[in-house]
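Chemist: Using the sequences and the accompanying hints, generate a full structural model.
Chains as they are written, first to last, in the numbering used here: chain A, 1 to 107; chain B, 1 to 120.
FYI, nobody ran anything at the bench for these hints, they're computed from the structure.
Incorrect hints may have been included.
What the hints assert, rightly or not - A short, non-exhaustive set of chain B residues, derived as facing chain A with CB atoms under 10 Å:
1) Leu48
2) Gly49
3) Phe50
4) Asp75
5) Gly102
6) Ala108
7) Trp110
For each residue, glycine too, the CB sits at the ideal point set by N, CA and C.
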Amino acid sequence: DIQMTQSPASQSASLGESVTITCLASQTIDTWLAWYQQKPGKSPQLLIFAATTLAAGVPSRFSGSGSGTQFSFKISSLQAEDFVSYYCQQLYSTPWTFGGGTKLEIK
Amino acid sequence: EVKLVESGGGLVQPGGSLRLSCATSGFTFTDYYMNWVRQPPGKALEWLGFIRNKANGYTTEYSASVKGRFTISRDNPQSILYLQMNTLRTEDSATYYCARDGWGNSFAYWGQGTLVTVSA
Numbered sequence: 001d002i003q004m005t006q007s008p009a010s011q012s013a014s015l016g017e018s019v020t021i022t023c024l025a026s027q028t029i030d031t032w033l034a035w036y037q038q039k040p041g042k043s044p045q046l047l048i049f050a051a052t053t054l055a056a057g058v059p060s061r062f063s064g065s066g067s068g069t070q071f072s073f074k075i076s077s078l079q080a081e082d083f084v085s086y087y088c089q090q091l092y093s094t095p096w097t098f099g100g101g102t103k104l105e106i107k
Numbered sequence: 001e002v003k004l005v006e007s008g009g010g011l012v013q014p015g016g017s018l019r020l021s022c023a024t025s026g027f028t029f030t031d032y033y034m035n036w037v038r039q040p041p042g043k044a045l046e047w048l049g050f051i052r053n054k055a056n057g058y059t060t061e062y063s064a065s066v067k068g069r070f071t072i073s074r075d076n077p078q079s080i081l082y083l084q085m086n087t088l089r090t091e092d093s094a095t096y097y098c099a100r101d102g103w104g105n106s107f108a109y110w111g112q113g114t115l116v117t118v119s120a
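Modeler: Written out as structure tokens, the structure reads:
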């Protein structure tokens, strides 16, 4: 199985700042990576697929990069509604696996 | 509009069984892979398995943690996805989500989730 190591597990930041979350795959996954946002008590929402492509309706302050085994997810100019949880997921080979998640907190 | 609505969750004793349903609408059900994902309270997401689309023969794949205990099926005329869960354990307690695949195999649409609690 492909392990997805996501870091940090939590991060504090201020409104307007930028943050970057990373995911490291235990073996190459090309660009078969997605990022999701999950608000408390809600189901996850797809933000980015194929490592870099924004899903429909997702604000441009979200971006993704990387290929192979190293991936990054960036939020530029944090808004209040961005302080929730984020997950990466590899979709290269089954079992599809998720990272452990990152919770963003307001500083 | 794509909609996925799970139901069937609840309290069940260890060793018991439960069947979850995911009623879908707004898309051609047979065209898509359908997934089940769960999330224990305060923990990360875990993919459980999927059932392929018509073009791929509706075959299934499962994670090791549920293989042999859980079964995914679909009622294509009714556009409903099922998860039959047998021999439930306390560690199966979680919110269970159905999700439809989309671009690059990603999970483009999710249901609202249904809570399963396994406890004596």
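Chemist: Next, verify each hint and record whether it holds.
Modeler: Quick rundown of the hints versus the structure:
1. Leu48: 9 Å, holds
2. Gly49: Interface hint status for Gly49/B: holds (8 Å vs cutoff 10 Å).
3. Phe50: Nearest chain A Cβ about 8 Å off; hint holds.
4. Asp75: 22 Å, violated
5. Gly102: 7 Å, holds
6. Ala108: Since chain A brings a Cβ to about 5 Å from Ala108/B, closer than 10 Å, the hint holds.
7. Trp110: 4 Å, holds
Checked against the numbered hints listed earlier, the structure breaks hint 4 alone; every other hint is satisfied.
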